[in-house]
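Student: Going down the list, the sequences are from chains A and B.
The numbers in this note's numbering rise by one with no breaks, and the one at position 169 of the first sequence is 169.
The numbers in this note's numbering rise by one with no breaks, and the one at position 131 of the second sequence is 1131.
Hint data in this document are derived by calculation from the structure and do not stem from the laboratory.
Wrong hints could be hidden among the right ones.
[As the list claims (entries may be wrong)] Sample of chain A residues lacking proximity to chain B, with all beta carbon distances greater than 12 Å (derived):
1) Gly183
2) Gly216
3) Val234
[To be verified] Per label pair, the in silico range of CB-to-CB distance:
4) Asp1247/B x Thr103/A: 24 to 34 Å
5) Glu1169/B x Gly76/A: 45 to 55 Å
6) Pro1203/B x Arg79/A: 32 to 42 Å
7) Gln1266/B x Val104/A: 18 to 28 Å
8) Pro1080/B x Gly210/A: 47 to 57 Å
9) Ala1014/B x Leu198/A: 49 to 59 Å
10) Ala1031/B x Lys13/A: 29 to 39 Å
11) Asp246/A x Pro1080/B: 20 to 30 Å
12) Leu198/A x Asp1170/B: 28 to 38 Å
13) Arg282/A x Val1003/B: 17 to 27 Å
A virtual CB, placed ideally from N, CA and C, is assigned to each residue, including glycine.
Read off the chains here:
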Amino acid sequence: MDLSVQIGSLRLKNPLIAASGCFGYGVEYADLVDLSSLGGVAVKGLFLNEREGHPAPRIVETPAGMLNAIGLQGIGVRRFVEEKLPELRARNVTVIVNVCGTTVDEYAEVSRILSDADGVHAIELNISCPNIKEGGIQFGCSLTGTHDVVSAVRKVTRLPVIPKLTPNVTDVPSFARASEDAGADAVSLVNTFLAMVLDVETRRPSISNGMGGLSGPAIRPIAVRMVYECRQTVKIPIVGMGGIADARDALEFMIAGATAVQVGTANFVDPLIWGKLLDGIRSYMDRHNIARISDIVGTVNDHAHP
Amino acid sequence: MPVDVAAEIVSNRALSGDYNVLGLSAPGIAAAAQPGQFVMVKVGGNRDPLLRRPFSIFEVLRSNDGTPTGITLLSKRIGPSTTNIYNAQPGQLAACLGPLGRPFTVVDTPTEAWMVAGGVGLAPFATLAHALRTRNVKTTLFYGARRAVELFYLDFFRALGVDLVLTTEDGSAGERGRIIAPLDRMLASRPDRQPVMVYACGPEGMLAATARTAAKYSRPCQVSVERIMGCGMGGCYSCVVPMLGDDGKFHHVRSCITGPVLPADQIRWD
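Next comes chain A alone, as it looks inside the complex (with noise of 0.2 Å):
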């Protein structure tokens, strides 16, 4: 039985990654969870320095899912290579760092800081953070700031480069698209959904932020759509993620199109979910005599219901 995916360079043992955000950096879970048994681990995202974050309420619960916004505090990235890497290398993690910037510059510079790092495996590209005026989102919801960031950092890196998605744009295949040809290696989606929630005693938004980003098992099928949607559009290969929370909605993104998955909100409500994702999997390739679960991969029957 074969669980190894393949993304652009790197090969992963499985194909499920802790998400992004949902995972600290990684060594927070190191005590409860073998992290070599991921595919892999994208941490928090980073940004050349450091950041506070919103204050606090920065989540509230909405049905079948969570509203969030952290407001990406992080330790920046030369801490992160300091006093994090070690640790993870150690571990034999398979590291995928979420990277983060206000400007094109500062994600190549950020980059080019990680690739010179001993331990990181690919680069995820934080395009598509919802909560934070001035880094990502404004590159991620136009096509060419998709293009110059994707382009910018494929020139300072031979890591993999993956872009992650936002959800929150008309079309998200055209962004998909934009990505593979800047040369991306890989793109990821869904980030969080756009989103509000308001108290209606006191009339304020729930969380200090306003809005927030939306995640959980409540946005799925729209996740499956868009993973299915990039699927017909590119060629290089699509991380799914978007309120996976059993085996079956792993299968159901890797169906769909995604050669790996990631799994964030899910892993709040049970940390130890991996071991019975895996078996999940298993158990799945066994009873329909799935030798590779790479052959799984957009295998969606398009044939009409009979």
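Go by the hints and put chain B onto chain A.
Tutor: Chain B in isolation, oriented as in the chain A frame:
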């Protein structure tokens, strides 16, 4: 090191129409728990509400020979998750991850321990009082509630040899008013040479007032903060508190892993 267990609910005792004490079979968590630590709990597998909730470990349950067998949680019904916990039936399973977070620092004699509790903020003080009294530390519980029927477990603390100072907002038990008034008075009359450690858990306003009062009399104070938490593990960065850093500036720290017990004089109380 935390463990995650599907813990069987062994008891559920309603203390009032809002408060209940839920007993969970969780020997591993019970054996490792230190005063002030918490667990992330969810009753039932539904996706609405989706997330677990943080609860201070209230009591450690033991078998007749003293072996830790489980824990209890003190819960107040305020939303869907705590309603599920209020209505939970023995035999049901609860997802329970813990023990999590940094515990209280337990003082030794001759330092006295003054625990300041408001409402459901009583929760971490049962295990703390036990640890303090085991060390023979003179311990006082300052405990405030809206009315007499919401002052719980008084006999439990009395049996441990804890002195009680009670207030209610309606005057139905103890002194009428807020708990800060007797705390301030007693700190004011206490000689500087007699050391005291203030511990506090409760509503944010009470914590801030306790922090100010302790600072006014130059007494150290440890607070257990409550924030909306997503994961309890440091993964989501939801539960931050502005804390004074080595550089003299305030930085957001995750109360789940740096706390929930934090030094009161280093928190910016907004």
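Student: Does each hint fit the structure? Answer for all of them.
Tutor: The hints, checked one at a time:
1. Listed as a non-interface residue, Gly183/A keeps its Cβ farther than 12 Å from every Cβ of chain B; the least gap is roughly 32 Å.
2. Listed as a non-interface residue, Gly216/A fails to keep its Cβ farther than 12 Å from every Cβ of chain B; the least gap is roughly 6 Å.
3. No Cβ of chain B comes within 12 Å of the Cβ of Val234/A; the nearest lies about 30 Å off, and the non-interface call holds.
4. A C-beta distance of roughly 26 Å is found between Asp1247/B and Thr103/A, which places it inside the suggested range of 24 to 34 Å.
5. At about 47 Å, the beta-carbon gap between Glu1169/B and Gly76/A stays in the expected band of 45 to 55 Å.
6. Look at Pro1203/B against Arg79/A: about 35 Å separates their beta carbons, and that is inside 32 to 42 Å.
7. Separation of Gln1266/B from Val104/A is about 39 Å and departs from the stated range, judged on CB atoms against 18 to 28 Å.
8. A hinted range of 47 to 57 Å is violated for the C-beta pair Pro1080/B and Gly210/A, which are about 23 Å apart.
9. Hint check: Ala1014/B to Leu198/A, Cβ distance near 32 Å, so the stated range 49 to 59 Å is violated.
10. The hinted range of 29 to 39 Å is satisfied by Ala1031/B and Lys13/A, whose Cβ atoms lie roughly 35 Å apart.
11. Against the hinted window of 20 to 30 Å, the Cβ-Cβ separation of Asp246/A and Pro1080/B comes to about 22 Å, which satisfies the hint.
12. For Leu198/A paired with Asp1170/B, a C-beta distance near 33 Å keeps the hint of 28 to 38 Å intact.
13. At about 24 Å, the beta-carbon gap between Arg282/A and Val1003/B stays in the expected band of 17 to 27 Å.
In summary, the structure is inconsistent with hints 2, 7, 8, 9 from the numbered list given earlier, while agreeing with the others.
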